[in-house]
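These protein sequences, in sequence, are chains F and R. Heads up: the first sequence begins at 87 in this note's numbering, then just goes up one per residue. Heads up: the second sequence begins at 10 in this note's numbering, then just goes up one per residue.
Because the hints were derived from the structure by calculation, they are not lab data. The C-beta atom is built at its ideal place from N, Cα and C for all residues, glycine as well. Treat the hints with care, as some may be off.
[Claimed, not checked] In silico DSSO-like pairs for lysine-lysine, Cα to Cα no more than 30 Å straight-line:
| hint | chain 1 | residue 1 | chain 2 | residue 2 |
| --- | --- | --- | --- | --- |
| 1 | F | 240 | F | 256 |
| 2 | F | 128 | R | 82 |
| 3 | F | 258 | R | 82 |
| 4 | F | 286 | R | 82 |
| 5 | F | 255 | F | 240 |
[Stated by the list, open to error] Derived, one-sided and incomplete: chain F residues facing chain R with beta-carbon distance under 10 Å:
| hint | residue |
| --- | --- |
| 6 | 122 |
| 7 | 133 |
| 8 | 150 |
| 9 | 154 |
| 10 | 158 |
| 11 | 255 |
[Claimed, not checked] Calculated Cβ distances over 10 Å to all of chain F for the following chain R residues:
| hint | residue |
| --- | --- |
| 12 | 31 |
| 13 | 65 |
| 14 | 79 |
| 15 | 118 |
| 16 | 119 |
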Amino acid sequence: MPPSSIRVTINGREVLVPRARFGVFLELEQTLTDMRDGVRAKDSGKVVGCIIEYIDISINEEYLIDGRPWIEVLSLFTEVRALNALFSDIPLLRSGSHKKKDPVSWDYPDRAIVVWTHLIALHYGWSLSEIRSLWPEEAAAFVQEILTEEQLSKEWEHSLSPVAHPRDKKGKDLYQSLPRPVWMTRIPRKQKMLRAGMPKGTIIDLSGVTVDDLDD
Amino acid sequence: MTEITLGDMKFEFVPMNTHEAIEAMFVLAPYVEKVAERSKILEKLSILMDQIHETNPLDFFRLMAYMLHIDAKELIVKGIEGIEWYTAFATLLAENQAPALIDLAYVLGIARSPWEKDYGPALRSG
């Protein structure tokens with residue numbers, strides 16, 4: 087597990103930066119998403135704004151990094167980001183689909199924060215402050231359990247529905263199971279490569295060789 | 010205090026602020042990406058300087074302007090010899106810790122490795 091806090095020096099002052107709990111973690115993740123949008127749009131103002139916001143939220147103090155040289159600000163950003171990185175083997179987090187989903191009509195800014203909190207509150211009945219004070223890894227484990235239960239329940243209902251049992255011309259049942267999310271699919275086994283299948287011969291290092299060096 | 014001389018202009022070196030650094034990263038990114046071996050750029054900044062100057066001199070002036078905290082138009086003046094530009098540019102890049110700047114451009118996703126362009130950011134997060 088990462089440390090629960092780190093000490094950083096900003097403008098000659100030592101500041102204690104705590105590791106973000108779930109509530110703050112979701113805000114930080116939203117800021118990172120906005121920053122990535124800024125990078126894609128080549129909007130330097132947005133990128134800088136998000137970096138400063140990320141640091142401000144993490145250290146829970148505004149204007150402390152104002153006017154500091156870039157190396158100080160960006161080093162602090164990477165340090166704080168590393169502190170708040172997720173340390174977990176939870177499949178839900180590992181699958182990480184980075185594809186941007188199509189926006190839906192009921193979307194609104196920062197909805198992702200509400201969705202995660204809502205999911206946990208709905209199933210466990212915990213208060214908002216209780217949910218926000220979980221460690222992000224704990225919250226992710228709970229969310230995975232909720233989603234697993236929901237998926238298995240849907241699969242059971244699906245298996246009972248005629249939609250899951252199309253028939254061919256001879257009337258044979260062609261059962262079609264409900265597709266699972268990527269993180270629930272089986273982990274592919276490592277393929278062993280036979281020695282005979284490996285390339286043979288002397289290995290020539292071609293680094294630094296240009297087209298002009300080659301014979302016709 | 011490092012001093013940069015360009016013709017009759019003299020500048021005292023002041024590190025870039027975050028906004029200038031991010032702007033500089035956006036200008037540098039396409040040039041950095043062209044060199045397949047990232048370590049080569051970090052070792053030898055002259056490769057990068059040549060690339061920028063040969064491809065688009067305007068980018069050269071834009072970068073200089075960010076590092077000197079002035080408008081790029083002020084820099085496009087006649088009578089300054091090539092070697093003087095190069096010396097000033099190299100000094101500014103070194104003082105602004107260019108290898109760290111390039112490294113952070115990759116960390117922030119402003120510059121992207123060729124494999125990342127092909128396979129998307131999923132691989133970046135491991």
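Tested hints:
1. 240/F - 256/F: Holds, because 29 Å separates the two Cα atoms, which is no more than 30 Å.
2. 128/F - 82/R: Holds, because 22 Å separates the two Cα atoms, which is no more than 30 Å.
3. 258/F - 82/R: violated, 77 Å
4. 286/F - 82/R: violated, 59 Å
5. 255/F - 240/F: holds, 28 Å
6. 122: With a closest approach of 6 Å, the residue 122/F hint holds.
7. 133: With a minimum Cβ separation of about 5 Å from chain R (threshold 10 Å), the hint on residue 133/F holds.
8. 150: At about 13 Å, which exceeds the 10 Å cut-off, the nearest Cβ of chain R leaves the hint on residue 150/F violated.
9. 154: Holds: closest Cβ of chain R sits about 8 Å from residue 154/F, inside 10 Å.
10. 158: Since the shortest Cβ distance to chain R is 9 Å, the answer is holds.
11. 255: Violated, about 42 Å.
12. 31: violated, 5 Å
13. 65: holds, 16 Å
14. 79: The claim holds: residue 79/R sits with its nearest Cβ about 17 Å from chain F, beyond 10 Å.
15. 118: Not fine: 5 Å to the nearest Cβ puts residue 118/R too close to chain F.
16. 119: violated, 6 Å
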